[in-house]
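Engineer: Here is what each chain is made of, one letter per residue.
There are 2 protein chains.
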Amino acid sequence: MTLQELVFGRRLENREYRARKLGALEAVPAMGLDALGSSAYGPEAALAALTPLGGLSVAYIGWVMAPVIALLMVLYASYRQTVAAYPGNGGAYLVARENLGTQASLLAAAAIMVDYVLNVAVGISAGIGALVSAVPRLHEYMLPLCLLVLLLIMIINLRGTLDAGRIFAVPTYVFVASFAVVIAAGIYAVLASAGHPTPIVAPARLPRATEAVGAWLLLRSFASGCTAMTGVEAVSNGMSGFREPPVRHGRRTLAAICAILGALLAGISFLCIRYGIGAMDQAQAGYRSVLAQLAGATVGQGPLYYIAMGSLLCILALSASTSFVGFPRLCQAVAEDGFLPKPFALAGHRLVSSIGIVYLAATAAVLLIAFDGITNHLIPLFAIGAFLTFTLSQAGMVAHWRRELRTPRRSHSSHRIRAHLGINALGAATTAGALAVIVVAKFTEGAWITVLIIPAVILLLRAIRGYYDRIAASLREPGRLEAAPAVVAPIVLVPIDDWNKLSRKAVAFALTLSRDVIGVHLMQLSGPESAGAQRQGALRCAWERDVAEPAAAAGLPAPRLVSLQAQRRLLHEPLLNLVRTLEREHPDRSLAVLIPQVVKRRWYQHLLHANRGRRLRSQLLEHGGPRLTVMEVPWHFD
Amino acid sequence: MTLQELVFGRRLENREYRARKLGALEAVPAMGLDALGSSAYGPEAALAALTPLGGLSVAYIGWVMAPVIALLMVLYASYRQTVAAYPGNGGAYLVARENLGTQASLLAAAAIMVDYVLNVAVGISAGIGALVSAVPRLHEYMLPLCLLVLLLIMIINLRGTLDAGRIFAVPTYVFVASFAVVIAAGIYAVLASAGHPTPIVAPARLPRATEAVGAWLLLRSFASGCTAMTGVEAVSNGMSGFREPPVRHGRRTLAAICAILGALLAGISFLCIRYGIGAMDQAQAGYRSVLAQLAGATVGQGPLYYIAMGSLLCILALSASTSFVGFPRLCQAVAEDGFLPKPFALAGHRLVSSIGIVYLAATAAVLLIAFDGITNHLIPLFAIGAFLTFTLSQAGMVAHWRRELRTPRRSHSSHRIRAHLGINALGAATTAGALAVIVVAKFTEGAWITVLIIPAVILLLRAIRGYYDRIAASLREPGRLEAAPAVVAPIVLVPIDDWNKLSRKAVAFALTLSRDVIGVHLMQLSGPESAGAQRQGALRCAWERDVAEPAAAAGLPAPRLVSLQAQRRLLHEPLLNLVRTLEREHPDRSLAVLIPQVVKRRWYQHLLHANRGRRLRSQLLEHGGPRLTVMEVPWHFD
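Chain order of the listed sequences is D and H. For what it's worth, this note's numbering labels the leading residue of the first sequence as 1, then goes sequentially. For what it's worth, this note's numbering labels the leading residue of the second sequence as 1, then goes sequentially.
Treat the hints as calculated values from the structure; they're not laboratory data. Be aware that a few hints might be false.
A pair holds if it fits inside one copy or across any two, identical chains being indistinguishable in the list.
Cut-off 20 Å, straight-line C-alpha distance, at most; resulting in silico cross-link-like pairs (DMTMM-like, lysine to aspartate or glutamate) [to be verified]: (1) 501 - 477; (2) 342 - 469; (3) 505 - 622; (4) 600 - 622.
Remember, it's a predicted structure, so these values are computed and weren't measured experimentally.
Bound conformation, chain D alone (with noise of 0.2 Å):
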């Protein structure tokens, strides 16, 4: 067993690749978890933008995230559409494709892809922050956290087995489950208390005003709070993945996890009103998120504390590897259609895309770098790639029922195509309001480079797809093979050191390819002092005893033996020097440089051998032109 197969299994066979078919109560866990995640950043980052507020910023929490509750119920409706329109898949990116055109569906690309990245940094940055509200001690290694999560998730999507979604369904029911119960006993604790609720364990206490209430400032708590809805858009993407019939699935898997996503939202945000709980800083000492105080203000900080905080590490860790598996796969979409280079397309050792996750997991690892692994310093950068997902996606569907109204066989339901256009337009009208306000509200706390990073990638995409475009130009309409008999041989050039089994086994190679053999033997490759006129001679000797004369026996031309000057120590400078010669004589026929080469085994013969002849064939190769031929002759020693 190798280290490779220790660390991420054998090499699975393309039989072995089976998509589980889920139904809707297992696809809650296994496409909700990026959704009901945000829950965990949302409602946090809102506040965080009205920290300026002091004591205050919890009495206008309330006016931010209804807006955010009422945009999401409208991504539902919209979303519940796309659902039923593209019964297979409908990610973004198809969806831009086939209703927008090229261009859109590349913006699409872009966004998502951005988005992707995102969501790993975030999801791991907010569970390593509930980890550290809960043992406050690991406040210090913050970052080597997050990367060293970023690694296992890494390696454990390399070996492919968190596909399943089976495994995704404990943590999200525990965390749904206790959250369930933390928001109970708030509630229950305020309507006990006449709406003045005793905290179990004190939240932070709220920090000195710095500024007044404005428009200004609601909106850009609003832009942040928008992230609460990153993931809705993943029943959409995963509907290939469901049991018969996918719509209905779809379409309950949808609302449930809009319904919890919606409950928890408005619950966490009346609770911080309540309980007066505001963010804090991630960076500093002592931080402990949100929904960490509010689970020690509402059940105090006793077991169910640690198995709340315990399942939302998990479900913001499983969060982030869910873009382990979107990832990839939109790479190989796009990779499929020329825009990404030809590896992103091929399933690697365990049936994923490793270039995928391997470039997924590096450009997180930058970010989080970046950033400190602090989640608010990288929401400003998430919310743009989320939000100009969710327009393209609505605003495809506007296309598509565009379309559907012009088709003639179906204008008997136009009222009824309509209204889901409206609905659709509505959505799109919508999610494009609030990417213009996140891109305003948040341009100099990071946008911009999201702002920056999404022409870019579009640029580069379309580069790579113009370099295939012109390569397949190029080797395109091949035409019919000459008539075979016409066909000369080319001429066979063998180099040779010395003359020994492995250099007779290349000549005797040779001469069955081609009745010019040149055997070329290159002097001075070691350097000035070494002994080269006398090994010459001895080999000339060798060469007419042991080749020339045999072949002259059998009446074959006798292979010529060249002796070159290797004046700078490098073996192709001379040959190719006489290649061109050759070609230059002979300018109808093909060359060939045929090289003997040492198998190696072990690891200390790439040590003990020069390794000239490897170099040799990549120097011929790189400039020996179109009409010369490498051909290596493997020689083994055991």
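Mind docking chain H on chain D? Use the hints.
Structural biologist: Structure of chain H alone, referenced to chain D:
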């Protein structure tokens, strides 16, 4: 101009190699650097070993340095004879190989290699010691400075420009002149003050005594002081560099070096006694080397002080640099005998052995890091290698003279030969004695490392030679080629992904080599979901039309197209299976796989192509067995 050329200079041609021949005046700096530089750390190491005596240390340093200087005179007499007997090259490896056999020569090689590495480490650390004495605030950067100097020396030597003796001359003569002034001023002050001079800048206070004087302590001090002699052997190693007549120039150079070194050591010891100068701890801030304290005491910390310290830094760095000339040359000699990997015997980019230089720098860096760049911690390791080399060289000379005695035609001068033998025997005996003292006295202080490493190096050298011997045995006696017309061309397999100009070129070329060409189409390479059947059909049609029909029309056997499943998405697995089947069916024929290869001229092409061809090639060579040849047809896109 590439980066490599910018840093290392252009690639030199063999004919640009010229060894500059030296006279005594140029040879003293070029070959004496090492020995003269030793005066900077030898006396200091002896004083450091006496530190437990506190103030009394200076009282006993004379008793330690007197035998060191006596030993130096013995060495002079011994090497004077080596120089005459081996006017070509009298390095210990060659002398031992010729006179004492392979075993002793390997012992010598191992000892000298260790010696070279330690000469680099000690030279640099002592040089930086001089620098931080002059500029105390650099003390905290001691180790980084050591590594920086090491890197610079490595790069300069990879350029191969320090081989010339001339640039050594200025710092060496400045060093000798400035310390002549320092010592003269000191002696004048001693005489003028009737033996009790007042230092201009007071040396550090000697610490409190912690031990009484004893033979063991003096022996340990003597063992450390012996490092003052390292480098004396350089003249015997460099004999080939002298102008005619080499023996006269060599003897003059050796005499001058030994005289200057002896005078320096005597002067330094005398003044240390009179001024009460002891060794300070290099690891502590405020460290001043013994020579720095001495210069400060006699001439003050004026311009002369800085000139003296600057020249000392230069001479020690250059002394480290001499190892970069000697070590690769030794490695080259050892590699030519087959005891080191072949790459060590190759002259590189700039006609120097690049691998030897890089290897030396890496090993010295490890030592510097392991010992924090502190000279005195490296001294115990250093002395052993040097004295083992001395002993083997002198023992080799004893064997040389004994053989001369047995040669009849020389017996008329047998009394002179006996005198030579006596001198070298005395040299061998005294250096062996000193070696024994060093091993015993310094064993626990680090000498054990050298004692372990030398046999390990010898075992490694023998293992390498054994490998090459086995290879040579398996390749010997190739025999004549068989009668040529009986040979049959190989069966050529051409992997084909798509029918385009690239695959057409490959098939056309294959048909020039053999009448048996098989196209191989691998399915499901990208993963389980790739659409295979449709493409397969299109490929079959194109093959029939463009390949099979024209070949049949020309009366050739029509090339087949075989489709294989790549169940684990690896090109080589199904191909190797096909190769094995064909090899069983045709036990008398060889096989070839022809791989179309895109020539990548730009860095981004390596990202945009999956590089499957390269991987296929190495897998086929490694696992294909001796009858399988790999051929690569290049495809240029421009």
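Engineer: All hints are to be evaluated individually against the structure, with a verdict given for each.
Structural biologist: Hints versus structure:
In the homo-oligomer, the alpha carbons of residue 501 and residue 477 lie at most 20 Å apart only across protomers (7 Å), although the nearest pairing inside one protomer, at 45 Å, exceeds that limit. When the C-alpha separation of residue 342 and residue 469 is checked against a cutoff of 20 Å, the pair qualifies only within one copy, where the shortest distance is 13 Å, while the shortest distance between copies is 46 Å. Taking identical chains as interchangeable, the C-alpha atoms of residue 505 and residue 622 lie at most 20 Å apart only when they sit on different chains, with a minimum of 17 Å there against 26 Å within one chain. For the homomeric pair residue 600 and residue 622, the shortest alpha-carbon distance between copies (7 Å) is at most 20 Å, but the shortest distance inside one copy (24 Å) is not.
Checked against the numbered hints given earlier, the structure satisfies every one of them.
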